[in-house]
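Dock chains B and C against the given chain A, drawing on the hints supplied.
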Amino acid sequence: MSLRTAPSPVARVVTDPSRRIRSRRRLRNADLMVVLCWSSVAMAVALYLAYGGPAQVTDLASGLSALGIVTGLVGTDLILVMLVLAARLPMIDRIVGQDTAMAFHRRLGKPALYLILAHGLLLTVGYAMAAGSNVVAETVALFQGPDMALAYLGLGLLVTVVVTSVVAVRRRFPYEVWHAIHLLSYAAVLVALPHQLSAGGVLADGTVQRVYWIALYVLAFGSIALFRFIVPIVRSARHDIRVAMLEPIAPGVVSLHLTGHQLDRLQTQGGQYAIWRFWTGATWWHAHPISFSAVPTDRSARITVRSLGRGSDALGRVRPGTRVSIEGPYGIFTDAHRSTSRISVVAAGIGITPVRSLLEHAALRPGEATVLLRATDDSQSYLWNEIGALPGLRGNPIFSMVGARPHGLATWMSAEALARGVTITSVFPELLDSDLYVCGPQSWADLVIRDARAAGLPHSQIHVERFDW
Amino acid sequence: MAVHVFTTMGTTVSLRFAGTLPDPRLLRVVEAGFDAYDRRFSLYRPDSELSRVARGDLALHNASAVLRDSYADALDWRSRTAGAFTPHRPDGVIDLNGIVKAAAMAAAAARLDAAGETDWLLNVGGDILGRGDNTGAPWSIGISDPDDRTGLLCALTLDAGRTAVATSGTAERGEHVWRLHPQTPDSTAFRQVTVRAADIVTADVLATAILAGGHDHLDDWAARYPIDVLTVAADGAITATPGLQHTRGLAPA
Amino acid sequence: MRRRAIVLSILSSSAVLAAGWQLGVATQPQPVSQSLSQPTDAAAPATGTGGTTADGSTATPTPAAGTGTTAPSTAGASGTFTGTAAQTRFGAVQVQITVADGTITDVAALQLTDHDQKSVQISNRAAPVLRQEVLSAQSANVQNVSGATYTSDGYLTSLQSALDQAGL
Chain A
1 MSLRTAPSPV ARVVTDPSRR IRSRRRLRNA DLMVVLCWSS VAMAVALYLA
51 YGGPAQVTDL ASGLSALGIV TGLVGTDLIL VMLVLAARLP MIDRIVGQDT
101 AMAFHRRLGK PALYLILAHG LLLTVGYAMA AGSNVVAETV ALFQGPDMAL
151 AYLGLGLLVT VVVTSVVAVR RRFPYEVWHA IHLLSYAAVL VALPHQLSAG
201 GVLADGTVQR VYWIALYVLA FGSIALFRFI VPIVRSARHD IRVAMLEPIA
251 PGVVSLHLTG HQLDRLQTQG GQYAIWRFWT GATWWHAHPI SFSAVPTDRS
301 ARITVRSLGR GSDALGRVRP GTRVSIEGPY GIFTDAHRST SRISVVAAGI
351 GITPVRSLLE HAALRPGEAT VLLRATDDSQ SYLWNEIGAL PGLRGNPIFS
401 MVGARPHGLA TWMSAEALAR GVTITSVFPE LLDSDLYVCG PQSWADLVIR
451 DARAAGLPHS QIHVERFDW
Chain B
1 MAVHVFTTMG TTVSLRFAGT LPDPRLLRVV EAGFDAYDRR FSLYRPDSEL
51 SRVARGDLAL HNASAVLRDS YADALDWRSR TAGAFTPHRP DGVIDLNGIV
101 KAAAMAAAAA RLDAAGETDW LLNVGGDILG RGDNTGAPWS IGISDPDDRT
151 GLLCALTLDA GRTAVATSGT AERGEHVWRL HPQTPDSTAF RQVTVRAADI
201 VTADVLATAI LAGGHDHLDD WAARYPIDVL TVAADGAITA TPGLQHTRGL
251 APA
Chain C
1 MRRRAIVLSI LSSSAVLAAG WQLGVATQPQ PVSQSLSQPT DAAAPATGTG
51 GTTADGSTAT PTPAAGTGTT APSTAGASGT FTGTAAQTRF GAVQVQITVA
101 DGTITDVAAL QLTDHDQKSV QISNRAAPVL RQEVLSAQSA NVQNVSGATY
151 TSDGYLTSLQ SALDQAGL
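As they're listed, the protein sequences go chains A, B and C. The opening residue of the first sequence carries number 1 in this note's numbering; numbering runs sequentially from there. The opening residue of the second sequence carries number 1 in this note's numbering; numbering runs sequentially from there. The opening residue of the third sequence carries number 1 in this note's numbering; numbering runs sequentially from there.
No wet-lab data here; the hints were simulated from the structure. Hints may be right or wrong, so weigh each one.
Claimed, not checked - Partial pick of chain B residues on the chain C-facing surface, computed with a CB cut under 10 Å: (1) Thr8; (2) Thr11; (3) Cys154; (4) Ala155; (5) Leu218; (6) Ile227; (7) Val229; (8) Ala253.
Values in this document were obtained by computation on a predicted structure and should not be read as measured data. Beta carbons are placed, not taken as given, at the ideal position from N, Cα and C, and that holds for glycine.
Bound conformation, chain A alone (with noise of 0.2 Å):
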């Protein structure tokens, strides 16, 4: 392993302004984003209220009700939302990455189930309140309404998701068991669309209400069946890529050599990942996130996987030729991303995957890069050898730091280096003018993230690969 351990003389770096434009312009967009969902849930209420909802409110009952529609319009929006975040938009990939996308989507999910809850219950008190009957009677007689039943399961279907998405519930069901359950919400949201559209006379024919909403649904499921299902089925059939070789590179780590047609169309960036299914029988039904350990060419890619469980662990099996499909690629770990002219790459462990693609495509000028390299041990040390090679990194300083963390001490260093006196801005002086790309275990990344946040590095120049999202 022949790993330059000392910088060479660092070159002046130019300054690119084009970078800092485009970053800026990214975090405009993804601001934009966010303002567009909320706006979309005021929208709901805005309609609503232009269509002399308030006006309706004369008593205590006919208040309730009035309450029990805004919860459900406001409902049914945030689900919207919700599934147009899951959808795996590119848009969305590139603007925010599809893990802040996941991250926001489960913040939504139980607001989103206590507003239907909440629109169930307040319309049938309103209701029964304004017909002098109770709340039991009531419910039987909403049962009978027009496309009530349906309602009432799709809000069933509604809780079981979200039911089941709690992280202790989560837990207990394989993932793919709860991801198959967790797909009912597309079932819970339409069997609850001709309510909307028939009780109630809410979503009135000829309002502009009623076309709002039901473009709002074309817009969402439409996104859904085009980016969710029918991209990537196209993809997969089109490149058709198959399993060429497989290469274990340390105990429990294999590469997989994959090839396949036109792959460089496929436009990945290095640093991105793609969500890989492996037809054999043990295997289909097991779809995993893998990043590329290398760049595509025309012909052929690399992705590289360490077991971690029974799923990874029949990857290390799959014999050439077996049919692989492709969902993605997906990710902003890329150089694209960056908004400083400088980068400072932490790697540890598996973490080393996107990191390597990343360093192969990024255009790297002499004194631009720095790179530490973490292992526990030297069985983790798989690929360090390809990333001293890199053409991109001549004159750029490599580090290693191998050895496990000290004792009882919440540190991502090793307790030789930590010992020394090792700091992130020791191995980074130039951290601040930087962008940082940290991947690696969680809890180790979270640990390196808070370090550069504690020097002063802002959120917009960190960017982390998560690979349990």
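For chains B and C alone, kept in the frame of chain A given last:
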């Protein structure tokens, strides 16, 4: 106007036409239709299919599809009316009398419609189903006064799509409607219930159900089904849903 | 730039909500609109063929004001009055009442059906009524009588048989 009268199912049928009587063959077909229902469902005929089922000579699952469908309909209505309307007699016999008459009327209506008759009024023992009008004016139906066989409570019209009227009461044949809660004091129970609806089965079943079920269910079913209801309590008090509150002879209290 | 996103979201949402509220206020119909019909129309309902046209009508859903010409109001109000649309689980419902000399002679529900044109139920509560007159089959001009089921023997002495004989 012309009227054709005949007996069937233990009662008398009056079939009135706004114009002249139609072809006698059509009338015979209508009569035969009623007789067929009677032969199958009458518990007063020992050889009817339903009697044989009641005796145990014929298992229900071996009975004809017509009988089983009719039973299924009755059970449907039983669950919809929370048991107020039920084909199950206290002694366990399946009595489809409450639904068969209306079904026979609906079948007769279909035959008359198919033959092209557009303005007629069918009265089977007090249950009425109408079509069209009486030369321009809607058919006018009197509601019998339970205390005076020769007097009327009010007169309502068959229009706006609700052309079936059924009256259920304890006056004529005695207490043949088994009450849901026999122990409720009689003063608040109903003596007579009239239901006007779009179809005769709904009118007939709900009239029976409301009579048996009493006040508790009246508002619920009146809200749920497209019907008008007129009730007479044991103490003579009359109530009506909005559609009947202004019929000839009545006014809101 | 999270703070910017939050601020812009609040601004934008408030603007949208305000616009909606304004539109709603601007298009509100008058709470009660009167239309005075000709005196003869007001008297007509008294002959008691009143009944709602509930299930047949499929009025288009507009919270419209009542139609008709305005005329100087007469003492002892008469005319047709339309109330505000009220929101029920079946959609918006408007009630139109006809008044003759201060008493309500007819109540009609302007039903707003859903887009399937399903006929919609409105509150159908039974309320006490009083007999206005002692009616006989002749005075009421009925063609048929509905009462508790009679047997064939019972028919012979019933009102219906008298009517049938008269009709024959």
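Taking the hints in turn, this is what the structure says about them:
For B:Thr8, the interface hint holds, the least distance from its beta-carbon to any beta-carbon of chain C being 9 Å, beneath 10 Å. The interface hint given for B:Thr11 is met, as the beta carbon of that residue sits about 6 Å from the closest beta carbon of chain C, less than 10 Å. A hinted interface residue such as B:Cys154 counts as satisfied when its beta carbon comes closer than 10 Å to some beta carbon of chain C; here the least separation is about 7 Å, so the hint holds. The restraint placing B:Ala155 at the interface with chain C holds, with a minimum CB-CB distance near 4 Å, inside the 10 Å limit.
Nearest Cβ of chain C to the Cβ of B:Leu218: about 6 Å, under the 10 Å cut. The hint holds. Hint status for B:Ile227: holds, given a least beta-carbon distance of 8 Å to chain C, under 10 Å. The interface hint given for B:Val229 is met, as the beta carbon of that residue sits about 6 Å from the closest beta carbon of chain C, less than 10 Å. For the restraint placing B:Ala253 at the interface with chain C, the shortest Cβ-Cβ distance is roughly 4 Å, inside the 10 Å limit, so the hint holds.
Checked against the numbered hints above, the structure breaks none of them.
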